[in-house]
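Which chain is which? The protein sequence lines are H and R, in order. Numbered according to my numbering, the first sequence spans residues 1 to 301. Numbered according to my numbering, the second sequence spans residues 302 to 602.
Keep in mind that the hints are not guaranteed to be accurate.
[To be verified] Only part of the chain R face toward chain H is listed, based on derived beta-carbon distances under 10 Å:
| hint | residue |
| --- | --- |
| 1 | Gly339 |
| 2 | Gln341 |
| 3 | Gly395 |
| 4 | Met486 |
| 5 | Asp488 |
| 6 | Ser501 |
| 7 | Arg503 |
| 8 | Val505 |
| 9 | Leu508 |
| 10 | Val509 |
| 11 | Leu531 |
| 12 | Leu555 |
| 13 | Gly571 |
| 14 | Trp597 |
| 15 | Cys598 |
These are computed hints drawn from the structure, not numbers from a lab. Ideal Cβ positions, reconstructed from N, Cα and C, are used throughout, including at glycine.
Number of protein chains: 2
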Amino acid sequence: MRTVPKGQTIYAFAPEISPVMSVEPQEPVIFETIDALGGQVQAEDDAVESLDFSRVNPATGPVRIVGAEPGDALAVEIRSIELADRGAIIAGPGMGVLGDVIERPVTRLLEVVGDTVQFAGLELPVAPMIGVIGVAPEEGSFPTGTAHRHGGNMDAREIGPGATVYLPVAQPGALLAMGDVHAVMGDGEVCVSACEVSASVRVVLRLVKGGAPRWPVVETAEEIILLVSLPTIDEALHEATSEAVRALQKALSLPFEEAYLLASLSANLGVSQLVDPNKTAKAVLPKTLVGPFERWCGASP
Amino acid sequence: MRTVPKGQTIYAFAPEISPVMSVEPQEPVIFETIDALGGQVQAEDDAVESLDFSRVNPATGPVRIVGAEPGDALAVEIRSIELADRGAIIAGPGMGVLGDVIERPVTRLLEVVGDTVQFAGLELPVAPMIGVIGVAPEEGSFPTGTAHRHGGNMDAREIGPGATVYLPVAQPGALLAMGDVHAVMGDGEVCVSACEVSASVRVVLRLVKGGAPRWPVVETAEEIILLVSLPTIDEALHEATSEAVRALQKALSLPFEEAYLLASLSANLGVSQLVDPNKTAKAVLPKTLVGPFERWCGASP
């Protein structure tokens, strides 16, 4: 099995990142990822203030996919996520939704035992997901902690085993990297972090020629999730609404006004994370209505 | 069966609204509600511009609940929602999330046939819910189209059959009114309206003495949904996060910092509506974690 090791990480998605490996479509690949804290938190008295933020959010990769060209969609089929047996979570003043309220930094280690995460005597069911996943963007350099059209730190709960993430290829070879796996997280990731764990992610990569979405799309068994990341959640929700309308127009050949009404009836707007430099909104559509991504991707409008 | 007829409506929740009926706790009551457009849209060429907005969002009631006192929670157990056989949906410039994009007003009538809503040749599964539900506030007058601590136009999808809504009683007798039933709606209600229908809502009312929540709470079989409505979705999401932390502190006797971390792991922040004068955010907690509302309501902090 082709494996991208932990040591091969990037801290920014940029057009010129250099691939560490080339793979063929349909070839299974394992990404060994480091936790989003860069492995710096190993004890509960490891102070949040002393974190080296230049080592936060490492993404393993990038991997070049043979044949990927700008305008394609890169399909990342997530087959499995194997978690380390311990994670960590941090919060502190100035970080997270209540960064204006919390008075002191706090760190907790979280044991991952079987299908549970242990926290304060509670057992939370694990729900593994990939926080950072992206490709080289068309232009600009995006720190791995920032999400945008290329993907990045979207922190979408839906990006877990069984899901397929569709990313817009903007550079030859796509140049895929990922990291920031969470053992469990709530929509919003309100305290700024979740159960941050190292992991082993097994994926199969596939190309949809000419199928590049405008923003990353996740497909699960039942749903299409459109992910938009912009500086404010207001802007992101506005654009996610536009994306939902556009998807309905394309999937069902509807004029704008009809698709807008249908979005109001059937699209569930929501949030993925509220705590990174760009905030991530989602619009969730039932596949009973729009069908799979590949049925309507790539076409106008 | 005690029935509050369609003709008995209010257009604002205020401290001094006059009850049209008194009921005992545990006595089943039917509220006959008028659609949120006030029954003004009966044809697809009924122009949005000619709507009389003083007749929009009628709420049936208010009903006085014997024994309700400020500081209590009024539990509204929703037993059933019987829908009219036709609804309507509207949108137009300046309204809804894409009010800056849509170029002309549009009105559609929607047939409700069995368990489906018919739209553009599609069949959407009905999911009845109450858009406006509230009690007399402590002070101020809130148009029924505006949501705040007293409830009002929260447009939460979860307020449907089988759910219980807990509202903070602020005036003697509580003074409950409701309306704006939707046959189906997506989170966000992005175009400004949903499938607006008249309906017959059967509820049982109950008091939780001294149990007033700070903001309305919905309980379903699996979840606790905390609803916060403020002028921007940013403010509402911030306050909903605070409410989630507070609920976790109360339910699990945790200090603030622990509850904040746990919220990041287990609370799902989201949106109910993005289109009314106050926007409604939600924080969803699993009952496996916090248990039923009545276990932790009313206590400090």
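Quick rundown of the hints versus the structure:
no.: 1; hint: Gly339; in the structure: 19 Å, violated
no.: 2; hint: Gln341; in the structure: 17 Å, violated
no.: 3; hint: Gly395; in the structure: 14 Å, violated
no.: 4; hint: Met486; in the structure: 6 Å, holds
no.: 5; hint: Asp488; in the structure: 4 Å, holds
no.: 6; hint: Ser501; in the structure: 22 Å, violated
no.: 7; hint: Arg503; in the structure: 24 Å, violated
no.: 8; hint: Val505; in the structure: 29 Å, violated
no.: 9; hint: Leu508; in the structure: 31 Å, violated
no.: 10; hint: Val509; in the structure: 26 Å, violated
no.: 11; hint: Leu531; in the structure: 13 Å, violated
no.: 12; hint: Leu555; in the structure: 6 Å, holds
no.: 13; hint: Gly571; in the structure: 5 Å, holds
no.: 14; hint: Trp597; in the structure: 15 Å, violated
no.: 15; hint: Cys598; in the structure: 20 Å, violated
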